[in-house]
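Participant: Sequence:
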Amino acid sequence: VPYKVEEITIPADVTPERVPTHIVDYSEAEQTDEQLYQEISKASVICIVYSVNNKKSIEKVTSHWIPLINERTDKDSRVPLILVGNKSDLVEHSCMDTILPIMNKYIEIETCVECSAKSLKNISELFYYAQKAVLHPTGPLYCLDQKEMKPSCIKALKRIFKVSDLDNDGILNDNELNFFQRVCFNTPLAPQALEDVKNVVRKNIADGVCEEGLTLQGFLFLHTLFIQRGRHETTWAVLRCFGYDDALELHQDYLFPPLKIPPECSTELNHNASLFLQAVFEKHDKDRDCALSPEELKDLFDVFPYMPWGPDVNNTVCTNELGWITYQGFLSQWMLTTYLDVQRCLEYLGYLGYSIVAEQESQAAAITVTRTKAQDLQKRQTQRSVFLCNVFGGPSSGKSGFLQALLGRNLMCQKTIREEHKSYYAISTAHVYGQEKYLLLHEIFSDFDLLSESDLSCDVACLIYDVSNPCSFEYCAQVFKQCFQDGVVPCMVVAAKADQPEEAQQYCVSPPEFCRTHKMPPPQAFTCNTAGPPAKDVFVKLATMATYPHARLRCMCTCNRCTFCLCQNFLNSELLHTVKAKLHTAIFSRFLFCLSPPKSPFISPNPNPLQLFVL
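Mapping to the UniProt record's numbering: the sequence shown position 147 is 147, numbers consecutive.
No lab work stands behind these hints, which were simulated from the structure alone.
Just to be clear, a hint being listed does not mean it is correct.
[As the list claims (entries may be wrong)] Calculated lysine to any residue pairs in the SDA-like style (CA-CA distance at most 20 angstroms, straight line):
| # | residue 1 | residue 2 |
| --- | --- | --- |
| 1 | K87 | C112 |
| 2 | K198 | D174 |
| 3 | K298 | C265 |
| 4 | K105 | T73 |
| 5 | K158 | V357 |
| 6 | K150 | L248 |
| 7 | K437 | K536 |
| 8 | K155 | V303 |
| 9 | K158 | L216 |
| 10 | K121 | L216 |
| 11 | K105 | W65 |
| 12 | K158 | L177 |
Since the structure is predicted, the reported quantities are computational estimates derived from the model, not experimental observations.
Take the sequences, apply the hints, and build the full model.
Facilitator: What follows is the structure in structure tokens.
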């Protein structure tokens, strides 16, 4: 028998795990210590072979080999060890009693196999356990000293339980268990098998099963049982299906799947992603008030390693009277994240288990990459639903109030916002010719010299000035002439604080004349100093301009002299609404009269069916 055999490769197609295995031998007689150290550094698993009939050989495992290997490997990433007791054909009794204390002392030892190279007893099992030690290691999952799962494993399994608990009642019912089984193992559980699993849990712990299904404690117990019985591969299959790597951290490839975004294109959530987020919202809105309380929001983000939303989010999206994020606000914040930072959105969807619950290849399936703006202009239509409006204005011109007005907050509500909770973004919906669009407002800092290229990149620009400040409009005029005069980005001038006495602007031309000269809509009067929510017509106009940048939209006209304005005023007049209401009442009364049976005694026994002709 040679001191050292040549390297052997077991091909992937003959192993259960479909992974190629390279077997490298070492011999002190033929190799140097340096060669040994190199092989240790390259090894995925190390088999320490001793002779079961040689006491000194067994002692050398702990006195020489394990210390040497540990010296050459990083403490946080120890190589798994397999103890191999060879020459079992020469002894009548096993020496496992001698080996067990060694296994308990060194957590890096995965298992011990007694075999015989002569009779080939347990040789194939040896390499099976070696593969298993690499692909399904015990160390990250289980503490042998404490005989319990490690905290990192429990944390990962808790997230998996919450993601799989589709109705968020703290229990995995039969449907959820079958869904979990199908996702992880590509096969459902038979009803009897499902009942057998529950019975095993029921017999071992009191709170593992309830009438509705499997509790979190029962779920954790099952995986503890798998590990204790040597079925680590079951727990690892679940962990890897839900995105975990060997260190029980969510894999970067899982959180950030590849997504190609060409220049000048934007990103939005598609319909399937919106439905998924709707389901997430509904399952955490336990009191069914269409808003998420701080406790409900904390429960929703329990599957995240950190709290992703700060207090500024409550001033970025719509909330109810208690300041809790509504469903519209919840979806709006996701739209904002997708538009501004799609990688962050992919990460968040990964924590929520989008690819698992929605049964998609990755979170990238939730994202729609839009056409370029140039293509939209060429086709004179857009399929986008999120539009960015950058808001420019001098100091104290009313920019912050304008953003909060989009969320329905008047001046009184805005005074309650703490400075450290202020947001420079606001997003909400606006209906453009019957289609729901998201308008994202971004407040730009007033320092003209610090304007960056990203500050000027938007779908529509809002130039806002204070009508009560005679010097306010000059800033808007400068921004327009230096940044937007080329007409690529549509612009609108907003005359803020319209409830205040108007001062003549100290600029060479008045704001209305400036707008006419540069073929912009006339200044839109606006105030958020109202008893109720501020008017939203200006936001609809901004969304309309962003949706149709190629068109000179007549809906922006407010001259009250042209035919369009006269028609619009007539359509919105109180007189027309009164006439329409009276006509509706008369037609409805006539309809009810036709349906009522005649009171004459001369009734035909078989009257003809009523025929209604509705124009």
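Participant: Each hint: holds or not?
Facilitator: Checked hints:
1. K87 <-> C112: holds, 14 angstroms
2. K198 <-> D174: holds, 10 angstroms
3. K298 <-> C265: violated, 34 angstroms
4. K105 <-> T73: Within the cut-off at roughly 18 angstroms; holds.
5. K158 <-> V357: Distance ~16 angstroms between K158 and V357 Cα, so the pair holds.
6. K150 <-> L248: Within the cut-off at roughly 11 angstroms; holds.
7. K437 <-> K536: holds, 14 angstroms
8. K155 <-> V303: holds, 9 angstroms
9. K158 <-> L216: The given pair, whose Cα atoms are some 7 angstroms apart, holds under the 20 angstroms limit.
10. K121 <-> L216: violated, 42 angstroms
11. K105 <-> W65: Holds, because 14 angstroms separates the two Cα atoms, which is no more than 20 angstroms.
12. K158 <-> L177: holds, 15 angstroms
When each numbered hint is compared with the structure, violations occur for hints 3 and 10.
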